[in-house]
Every structure is written in structure tokens, then in C-alpha cells.
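**Student:** Residues per chain, in single letters:
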Amino acid sequence: MALAFRGALRSVARRLQVRSYADAPKGDEMALTFAAGNKVFYDKKVVKQVDVPSMSGAFGILPKHVPTLAVLRPGIVTVTENDGKVSKIFVSSGTVTVNDDSSVQVLAEEAHPLENLDRSAAQEALSKAQSELNSAANEKAKAQAAIAVEVAEEIVKAASG
Amino acid sequence: MLGRAAPGVCQVVALANQQQNRNMATLKAISIRLKSVKNIQKITQSMKMVSAAKYTRAERDLKAARPYGEGAVQFYERAEVAPPEDDPKQLYIAMTSDRGLCGAVHTGVSKVIRTRLSEPGAENIKVICVGDKSRGILQRLYGKHIISVCNEIGRLPPTFNDACKIASAILESGYEFASGKIIYNKFRSVVSYQQSDLPLFSQKAVENAPKLATYDSLDADVIQSYMEFSLASMLFYALKEGACSEQSSRMTAMDNASKNAGEMIDKLTLTFNRTRQAVITRELIEIISGAAALD
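Same order as they appear, the protein sequences are chains A and B. Residue numbers for the first sequence follow numbering that gives the first Met the number 0, beginning at 0 and rising by one. Residue numbers for the second sequence follow numbering that gives the first Met the number 0, beginning at 0 and rising by one.
If you are wondering where the hints come from, they were derived from the structure by calculation, not from laboratory data. Check each hint, because a few of them may be wrong.
Calculated lysine-lysine pairs in the DSBU-like style (CA-CA distance at most 30 Å, straight line) [said to hold, decoys possible]:
hint, chain 1, residue 1, chain 2, residue 2
1, B, K62, A, K63
2, A, K44, B, K41
3, A, K84, A, K43
4, A, K44, B, K143
5, B, K37, B, K47
6, A, K63, B, K210
7, B, K125, B, K143
8, A, K127, B, K37
9, A, K156, A, K44
10, A, K38, B, K143
11, A, K43, B, K125
12, B, K125, A, K139
13, B, K88, B, K125
14, B, K62, A, K87
15, B, K62, A, K84
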């Protein structure tokens with residue numbers, strides 16, 4: 000009885016140990032912070048790879064990536080976790096920062112997991128945005144509508160793909 | 000107001016020197032006062048309940064916003080961006096709200112800015128007030144430093160949209176600051192918050208940062224968009240922290256107010272009963288002595 004208990008205790012302790020090791024970023028590990036205005040997806044979690052769509056083209060980030068700044072464009076951020084689990088999250092806009100300590104911050108204005116997107120609603124939003132673009136009176140409204148169209152197009156693409 | 004009314008009644012009637020009437024009047028005055036204090040207690044109690052509910056929500060939101068705010072500041076820390084020494088133009092943003100009755104949340108933020116403005120070199124500092132309260136406090140003495148004011152803050156939980164509006168107002172204000180600070184209340188626990196600041200920099204300051212060279216593939220466009228977005232995220236984070244501190248502080252303030260009102264009610268009830276008994280005793284004495292005189 001006591002032995003079994005000790006055994007269980009040890010296995011718990013080992014699991015705790017393993018977890019703390021995985022959480023603390025080491026030299027060649029990448030700590031990802033992925034947050035949006037509505038939700039936090041990752042908070043300083045060590046992951047294997049992050050693929051982000053940026054204004055200057057999509058790129059993948061692996062540990063020890065050269066430090067950089069980029070501005071996100073609407074699209075899918077793909078995060079590959081250490082255990083190989085892949086999660087795809089749609090972002091509308093935001094920034095990505097890779098720092099010299101290999102930490103990565105992805106800050107999005109709004110982000111949702113891909114499975115939460117509804118294709119028909121996205122289609123509707125797209126057609127609404129397109130009609131707004133056509134009826135836009137001034138430059139500013141036109142630019143805003145163009146952005147709405149771009150986001151809606153990407154959502155449709157992401158939801159159907 | 001009511002506190003003043005009660006002794007006033009006593010004085011006027013005392014002059015008329017009518018013992019009986021005086022007691023009756025005080026009795027009436029005390030009961031009016033008692034009633035109003037009870038009503039005030041009801042109000043403060045329900046305000047406490049409301050802010051407790053709002054606080055729970057604000058705290059939940061804040062948990063989600065914390066990594067966001069930390070992430071936004073990280074780059075400036077990592078790249079060791081420093082305010083330029085040759086350009087003294089500064090911008091201070093006071094993050095308060097429109098609503099009062101919440102302890103010293105707004106005064107704390109305004110005090111930080113007021114202290115800075117009373118120091119030498121203040122002529123290069125401009126202030127943007129987010130929320131009517133900070134404007135109310137700063138306007139009289141430092142009105143010429145304020146360049147714009149945002150209101151309608153604090154009624155509803157802050158959203159990213161609000162932060163975007165404030166950010167674009169700052170960018171479109173035409174004031175080219177070299178550095179600055181967002182002064183806000185950082186929430187620590189239900190009973191404590193602390194004034195903190197987030198740094199603001201101009202694009203030039205970022206471009207001159209010593210460690211910016213380690214960052215790859217940067218052009219002015221990317222930096223500009225990046226900074227505009229990070230300004231909005233920092234404001235969003237500061238709004239969330241401020242909202243949470245405000246609600247928690249209002250909760251404490253209203254709790255104290257209800258307690259004080261309770262104490263007041265106890266004292267007033269005691270005086271009320273004493274006076275009532277005194278009136279009865281006096282009437283009895285009068286009746287008995289009247290009857291005794293007839294015998």
C-alpha cells in the first residue's frame with residue numbers, strides 16, 4: 000500500500016519535472032506568445048515551429064531564427080507544438096516579433112481557431128464588403144472597404160481550404 | 000446638507016423657547032436623516048454589487064490581456080530602445096475613465112503627471128487625457144499641456160476597437176513626440192493597484208536603437224506599421240489594467256461607504272430612541288404634575 004503510494008508519488012513528481020523542463024525555454028528552444036484581443040492561445044510556450052503570413056510574404060519560424068519584425072496580413076498562423084500537434088489559427092492583422100533570445104511574440108488584432116470559422120457567414124461578409132467597396136465615396140472609405148474585402152477573402156479561403 | 004439642517008431646526012425653535020416643540024422637531028429631523036442615510040446605504044450597497052460583477056469580468060479579461068501587453072513591450076526592451084537625448088518633446092497619456100466614486104484610482108494617475116509637469120522642462124510635455132476624470136483634475140492648472148481628451152471610457156468594458164481609436168487620435172494629433180509614457184494603474188490584487196507606465200517612442204528613436212541592427216529585413220514601412228499596431232496593443236493593455244483596478248477600487252470604496260453608513264445609522268437610531276423616550280417621559284411628568292396640582 001505504502002509502496003504503491005510512493006510509486007505513484009514518484010511518477011507524479013517525474014511528470015512535474017518533465018513539464019517544468021518543457022516550459023522553461025532553453026538555449027535552442029523557442030518560446031511562443033500568441034495572443035489576440037479576444038483570447039490568449041499560447042503564453043511563453045515552447046513550440047517547434049510557427050508559420051506566419053506577413054506583408055512581405057509568409058514565412059516559417061524555427062528556433063534560433065534571426066531576430067526580425069513583421070506585420071501580419073490576414074491568413075492562417077500554423078503552430079507545430081513539440082509533440083507534433085498542429086493547430087491552425089486565423090488572424091486578421093497584427094505583428095510578429097522574433098527576439099534575439101529566440102522568443103516569438105505573435106500579437107493579433109483578432110484570432111480564431113480555423114474550426115470556428117463559418118464558410119457561409121464568411122461568404123456573406125465578403126459580398127457585403129465587396130458592395131461596400133463599390134459604393135465607397137472617398138479614398139478613406141475605399142481603403143477600409145478594400146481591407147474588409149481582403150480579410151473576408153482570406154477567411155473564405157481558410158474556411159474552405 | 001441634511002447634517003446642517005438638523006441643528007438649524009434646533010436653533011430656531013430653541014429661540015422660541017418651547018421645550019416640547021423642540022423635542023418633537025428633533026425627533027422629526029432625526030427620522031428624516033435616518034431615512035436618507037438608509038437610502039444612501041442601499042445605493043452604495045447596490046453599487047458595490049454591480050462593481051463586484053463588473054470586476055469579475057474585468058479580471059477575467061485582464062488575464063487574457065496580460066501576455067498581450069507584455070508581448071508588445073518586449074521588443075522595445077530587447078532592442079534597447081532609448082529616448083533620444085537631443086529631442087525633449089514628450090507625450091504623456093493618462094489612462095483614467097469617466098466615472099468617479101472609486102477611491103484614488105484617477106487621482107493617482109493624475110498625480111504622477113502633475114508631479115512631472117511641475118518639474119523643470121515641462122514646457123516640452125504634452126498630455127492626452129483618456130477619460131474625463133484626468134481632464135477634470137489636470138485642466139485647471141495644466142490646461143495648456145492637454146492636446147486631446149477621450150471620453151466615454153469606463154461605461155462598458157474596453158475593447159480593442161477603443162484602443163485603435165485612441166491610437167489613431169494620437170497619431171493624427173500632429174504632435175511629433177520623441178518619447179513618452181502611458182501612465183496607468185496596474186492591477187495587483189483586489190485591494191491594491193499601483194501606478195505604472197509603458198514606454199512610447201518615436202520611429203526615429205526605434206531606428207537609432209543600438210540593437211536594432213540584429214533584427215533582420217526591416218524597412219521604414221514595416222517599422223511604422225509595427226509601431227502603430229504596438230501602440231494600439233499597449234493602449235489596449237493599459238485600458239484593461241485600468242478598468243480592472245477601477246472596478247476593484249470602486250468595490251472597496253463602496254464597501255467602506257456602506258460600512259460608514261451602517262455606523263451612522265446605528266448612532267442615529269440610538270439618538271432617535273433616546274429622544275423619543277425623553278419626549279414620553281416629559282409628557283408623563285407634565286400629566287402627573289398637572290394631576291398632582293389639582294389634588
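**Student:** Taking the hints in turn, state whether each one holds.
**Tutor:** Cross-check of the supplied hints:
A C-alpha spacing of about 29 Å is found between K62(B) and K63(A), which places the hinted pair at or below 30 Å, so the restraint holds. Using a Cα cut-off of 30 Å, the hinted pair K44(A) and K41(B) is violated, with the two alpha carbons roughly 48 Å apart. For the proposed pair K84(A) and K43(A), the alpha carbon gap of about 17 Å is at most 30 Å, so the pair holds. Taken as a hint, the K44(A) and K143(B) pair is broken in the structure, with Cα atoms around 47 Å apart against an allowance of 30 Å.
A threshold of 30 Å between alpha carbons decides the hint, and for K37(B) with K47(B) the separation of about 15 Å falls inside it, so the pair holds. In summary, the hint linking K63(A) to K210(B) is supported, as the alpha carbons are separated by about 17 Å, within the 30 Å threshold. For a cut-off of 30 Å, the pair hint linking K125(B) to K143(B) stands: about 8 Å separates their Cα positions. Under the criterion of a C-alpha separation no larger than 30 Å, the hint pairing K127(A) with K37(B) is inconsistent with the structure, at around 55 Å.
Of the pairs offered as hints, the one joining K156(A) and K44(A) holds, with about 28 Å between alpha carbons and a cut-off of 30 Å not exceeded. Distance check on the hinted pair: K38(A) and K143(B) sit about 40 Å apart at the alpha-carbon level, beyond 30 Å; violated. Taking the CA atoms of K43(A) and K125(B), the gap is near 36 Å; set against the 30 Å cutoff, the hint is violated. Of the supplied pair hints, the one linking K125(B) and K139(A) holds, its CA atoms being roughly 28 Å apart against a limit of 30 Å.
Under the criterion of a C-alpha separation no larger than 30 Å, the hint pairing K88(B) with K125(B) is consistent with the structure, at around 8 Å. The hinted pair formed by K62(B) and K87(A) meets the criterion: a straight-line CA distance of about 23 Å does not exceed 30 Å. Only pairs whose Cα atoms come within 30 Å are accepted, and K62(B) paired with K84(A) is accepted, the gap being roughly 25 Å.
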